[in-house]
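Protein sequence lines, in the order shown, are assigned to chains A and B.
Quick note, the first sequence lines up with residues 1 to 209 if you use the numbering used here.
Quick note, the second sequence lines up with residues 1001 to 1134 if you use the numbering used here.
These are computed hints drawn from the structure, not numbers from a lab.
Idealized CB from N, CA, C, for every residue including glycine.
Mixed in with the good hints, there may be bad ones.
Straight-line Cα separation of at most 27 Å, DSSO-like style, residue types lysine-lysine; simulated pairs [unchecked claim]:
no.	chain 1	residue 1	chain 2	residue 2
1	A	67	A	119
2	A	150	A	14
3	A	177	B	1123
4	B	1130	A	119
5	A	123	B	1123
Some but not every residue of chain B turned toward chain A, in silico, with C-beta under 10 Å [claimed, not checked]:
no.	residue
6	1010
7	1040
8	1045
9	1048
10	1060
11	1074
12	1075
13	1078
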Amino acid sequence: MAVDSAAMLAWLEKVAGRLHEQRAYLTDLDAAIGDADHGVNMDRGFTAVMAKLQAEGAPADVGAILKTVGATLVSTVGGASGPLYGTAFLRAGMALANKTALEPGDIEDGLQAALEGIKARGKAQAGEKTMIDALEPAVAALAAALAAGKDKRAALSAAADAAEEGMRATIPLLATKGRASYLGERSIGHQDPGATSAALILRAAADQG
Amino acid sequence: MAVGLVIVSHSQRLAEGVAELAGQMTQGGVNIIAAGGTDSGELGTSLEKVRRALEAADSGDGALVLMDLGSATMVAQMALEALPEARRARVLLSDAPLVEGAVVAAVEASIGSDLAQVAATAKDAVTMDKGVGG
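Model the full structure from these sequences, guided by the hints.
Dropping the structure here:
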């Protein structure tokens, strides 16, 4: 079934709920190698997103919903994840403008646009211990699954698996971007909080089906 | 009026302090606008604060933006992208160290230099010697 406005809202609600539940965990990960605010920031951002969508009512245009999410995150998150996730959702929203129902190929396009947005905003690439290390393999896995004829549910599941694998693979990496890069060698041995929240967002999509 | 400065920091107090320090050199002759902390004044950055600071700093001769740490740059870039094109062309982001850069940029702006000159002087602040010796 295509992803319409209601399904998009349900996914965002799931994301907001899980970020709230995992707030302390994400902040603990960030305390080890950053500024100890990732869980708090993401929770604040998505709480604001849900409040805005509920107050204004979600439009039928799925791209417009994503743009609202991006704009809200940029203005409420406060940490680096604000501009990064904000840009990701804004770019996905632009890629999917005027669509009221997303087919699996649209999801791939949106995720690809989100990934490119984060890379451009953060001037970062894979292997630098960031959210890109979860997102890039996830986009590739989704594309490969769809190309192999898998349905949306299986493709999203493959994407979430790849994101979690990429997330765990950040543990031995040396951070060269973001606040963690100030720690140099001491960033090694810790899982990246941004990769963790990115994997969480994709797992929520997979569970949504 | 002169080229204005915007001080973007994760800390509201740090941004205000840098603006105060740089302003001491120019006696009010240069718009130096602090954009530090989140909207509620906590540690972090606010796109809205930076956007308002950009408007307040640029009185027609442009503005130079100085930042503290990584994500302040991303927020400044997003604020820049949100400006109308004519205004955007009059704003530059600086790689300069925050404190020294703000002080020398303020002095350069106060003598009526243009934006390119103010930006170049700020960037040179990275080579400034604190006189520690050795």
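Here is how each hint holds up against the structure:
1. 67(A) with 119(A): holds, 18 Å
2. 150(A) with 14(A): With Cα atoms ~24 Å apart, residue 150(A) and residue 14(A) stay inside 27 Å; holds.
3. 177(A) with 1123(B): With a Cα-Cα distance of about 22 Å, the restraint between residue 177(A) and residue 1123(B) holds, given a limit of 27 Å.
4. 1130(B) with 119(A): Outside the cut-off at roughly 37 Å; violated.
5. 123(A) with 1123(B): holds, 21 Å
6. 1010: Holds, about 8 Å.
7. 1040: holds, 9 Å
8. 1045: holds, 7 Å
9. 1048: Hint on residue 1048(B): holds, closest Cβ of chain A at ~6 Å, below 10 Å.
10. 1060: violated, 27 Å
11. 1074: holds, 4 Å
12. 1075: holds, 6 Å
13. 1078: holds, 5 Å
In summary, the structure is inconsistent with hints 4, 10 from the numbered list given earlier, while agreeing with the others.
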